[in-house]
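In order, the protein sequence lines correspond to chains A and B. Heads up: the first sequence at position 12 corresponds to 7 in our numbering, and the numbers run straight through without jumps. Heads up: the second sequence at position 185 corresponds to 180 in our numbering, and the numbers run straight through without jumps.
These are computed hints drawn from the structure, not numbers from a lab. Take these hints with a grain of salt, some might be off.
Pairs involving identical chains hold if they fit within one copy or between any two copies, as the list cannot separate such chains.
Pairs of lysine-lysine residues, derived as PhoX-like cross-links and limited to a Cα-Cα distance of at most 25 Å, are as follows [stated by the list, open to error]: (1) K203 / K308; (2) K309 / K472; (3) K44 / K119; (4) K59 / K176; (5) K94 / K83; (6) K119 / K21; (7) K33 / K119; (8) K468 / K479; (9) K59 / K44; (10) K144 / K203.
Values in this document were obtained by computation on a predicted structure and should not be read as measured data.
Protein chains: 2
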Amino acid sequence: MQTKTESKTTLPKEGHFSEWYNEILKRAEILDIRYPVKGVYVWYPYGFKLRNLIYTTLRTFMDKEHEEVLFPMLIPKDELMKEEEHIKGFEEEVFWVTKGGTTELDIPLALRPTSETAIYPVFKVWIRSHRDLPLRVYQIVNTFRYETKHTRPLIRLREITSFKEAHTAHANLADAEEQVKIAIALYRKFFDLLDVPYIITRRPDWDKFPGAAYTLAFDTLMPDGRTMQIGTIHLLGESFARTFDIKYEDNAGSLQYVNQTCYGISERCVAAVISIHGDEHGLVLPPEVSPIQVVIVPIVFSGKAESGEGEVKKACAAVYEDLETAGIRAFLDDSEERPGAKYYRWEMKGVPLRIEIGPRDLRNNSCEFVRRDNFQRVHVPLHDAVPEVKRTLEEVQSSIHGRAKEALVANIHERVGSDAGTVEEMRALKNKAEHGIVSLFLCDSARCGKDLEEHLDASVLGEPLHEAEMRDKSEGKCIICSRKARRVYVARTY
Amino acid sequence: MQTKTESKTTLPKEGHFSEWYNEILKRAEILDIRYPVKGVYVWYPYGFKLRNLIYTTLRTFMDKEHEEVLFPMLIPKDELMKEEEHIKGFEEEVFWVTKGGTTELDIPLALRPTSETAIYPVFKVWIRSHRDLPLRVYQIVNTFRYETKHTRPLIRLREITSFKEAHTAHANLADAEEQVKIAIALYRKFFDLLDVPYIITRRPDWDKFPGAAYTLAFDTLMPDGRTMQIGTIHLLGESFARTFDIKYEDNAGSLQYVNQTCYGISERCVAAVISIHGDEHGLVLPPEVSPIQVVIVPIVFSGKAESGEGEVKKACAAVYEDLETAGIRAFLDDSEERPGAKYYRWEMKGVPLRIEIGPRDLRNNSCEFVRRDNFQRVHVPLHDAVPEVKRTLEEVQSSIHGRAKEALVANIHERVGSDAGTVEEMRALKNKAEHGIVSLFLCDSARCGKDLEEHLDASVLGEPLHEAEMRDKSEGKCIICSRKARRVYVARTY
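Isolated chain A, as found in the complex (with noise of 0.2 Å):
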């Protein structure tokens, strides 16, 4: 049974996601976008919570591969400009402090944009032998963008607040490729717990991380039908280590280059969370990261002699202590509202799940549960509270997932036909990238990508990879020259 609650003032999502978004932070108080520079934002306490749980998960997943440390954020101008490739990818971008006080700095210091010049300088001092191999470390950090194009919360910042980056360092390739396999099965992990479906493809080598080998890139896809990438894994070869001289002796006493591999996530994970799961009463969180998993609300109308409120409180706390005990983050609303208005706080901020218990309820032993997800309504027996809250939340994590992953694969748009595109076909392509994500045919060449980019007014992905992480075997012909293609995945990118 499907029921609604005060429908005052609900959000709109369908065709107005960027208001919605933009509402809907402010409504479920996760960001304050009311801060005087552009592209930074104010972390609200319940917003905060949220990040936290978001990001101790991925502690905890990145714990017991690597070990945190924490580097500093300025780095030397000439140590950024070290590697050349790298700050042509960069340069445009960097905030540069040039004063300290009243004095001119004599080297100017970059604001972070990612750390890998400021860690590599020192694991070249860190790495002497192959007994200090391998070596992972990551960090969780504000890095610093200097965005000139629209900046929007959580998605383009300034001040990226928590960018999680990791850094290897690896005897051998072999070692160092397989460490990029860890770390896609470690992002799988993660954005499964965010119930965030997502593709991974193999970005196009005009499309790398600067002073990357390959980059291969989480996305996911949001409502508006554009694709927002969510986590970064790059394959470093030896680049940066011939750039900062990184060396380890081998067995044999030689010295030979490490190789290395970097791989982030920042707090795009939060706004997919936020996006892909969120309708027009608010948020709608997995359980495992929400803050509060069970409100409880008691249905009582003060004044009335027989409401038997007091009954009803006693009830609501047990129930509140029973969950407690049981790990459960819940949360008794007891204050003076209506009941109404409880319901609306509590589903604008995406509480999974919540317990209404009235006289009516205690006269049957029983209370009610109401699913964030689909506002379905159930009486449950009392005695069995902690277990059906159990399985509900199990149930609303798997439900929220299921539904997103649906919403992805319906929105891949396979291209029949392997011939050149006419000019038509391109139309009717664009129009499909406007919804989602296009699969077709093309070949290695930058012009080919660029080419097709213009065409459909699309950003090219990349090669998908597969379960297993395999690459797509299918082959064709390129959609604009007709040579000898792989499948890639193109669409509209935030």
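Take the given structure of chain A and dock chain B to it, following the hints.
Frame of chain A, contents of chain B only:
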């Protein structure tokens, strides 16, 4: 019984505190100082674990009465400049971002030296009515100071990586003053858990936080006789509220300025733990915050048939499992190194308790405990290992505390007499100030304060607060001008 392990490479501490400090940061792998920017350092994994345990403790305390938030790092120049007194205190110390990419910024952006001017413009929009008060938030962030003096890891930094700053707003002065007391109690509990002893003083008016009504400070005594400020609490009153126009509507419907407080703790708390407890063998960590609380070392001599290696390793693994199950952070060091090398490493890293198990111990169904703080050795029956570990860790925790507290108290030198100081006496007091804290009478005037500081080559910390946060009531005559004066503490400081 006091025994010693490998003494080949002990650290000098007595009389060589600085060298000892730098050396231990390296050898215990707390911070790497080889980063190519002055005054910023790299947290090693082990150091970062220690930092995290200390800050997790702090968070737990803070979360009871505050909500965690996160404000941007960049502060526009016009906001930073609004509070005249405040900026005067910082203008020589602010790093300025003046360029984005290759573009000169319209308004220079400061790297936050502290966040009053980032947070209070947002408080203005968050606070509307008395129902929004009290507002109590905190954040743990990196802050920046352009230090021109000698920098020192964890103590005097250009990037403070872990500044915990709390900011509160209240309906009236009484509530704000009450919050000051709450903050003192909270900081007391926190430093007690770190076994870091402290004195609390009210800083002289001429040395308070820029913009505050008054400043209270926690100082601890470092092994070289200097005090180090490890926490500050500021009653701001209405000064910032007036500057940033932070008002609320009271019960009667009229607009009132809020009353504010703010208080902070930086990674100097980590510096204090390291410096105060450490000895010539390395760190001595309080069990509460030690990344590893117990290390288990199997005493086996591989290759010898009669070594009983298998049984020993099995017994060690069993003890390890039991400790982990009991929630104790244990580490089983079953690497191939000699036991002596292991002792050396874990003593250096400050692990509070070592358990050794060898074939002889096994024959007696026992193991050997070695405490890090005093190297005491005792035999413990294997089946008592877990409860005995718990008991011992508590003992270590309080014994470290007692030792540190004693050292502090013993080094507070009270001046006898209350007349104006003679030249000879000043010289004597100056000597005392080289080895701790001098307690004497001094009037309020900045002139006498500065005069005394010059005579003693030391700083006036301020009036001591005793238990229950009462000001010292005793009165005497100012050592400089003989006018009525209150007791103050004076010391050389970090």
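So, going through the hints one by one against the coordinates:
| no. | hint | verdict |
| --- | --- | --- |
| 1 | K203 / K308 | neither (58 Å within a copy, 49 Å between copies) |
| 2 | K309 / K472 | neither (70 Å within a copy, 62 Å between copies) |
| 3 | K44 / K119 | between (37 Å within a copy, 22 Å between copies) |
| 4 | K59 / K176 | within (15 Å within a copy, 41 Å between copies) |
| 5 | K94 / K83 | both (24 Å within a copy, 17 Å between copies) |
| 6 | K119 / K21 | between (45 Å within a copy, 16 Å between copies) |
| 7 | K33 / K119 | between (37 Å within a copy, 19 Å between copies) |
| 8 | K468 / K479 | within (12 Å within a copy, 90 Å between copies) |
| 9 | K59 / K44 | both (23 Å within a copy, 14 Å between copies) |
| 10 | K144 / K203 | within (20 Å within a copy, 43 Å between copies) |
In summary, the structure is inconsistent with hints 1 and 2 from the numbered list given earlier, while agreeing with the others.
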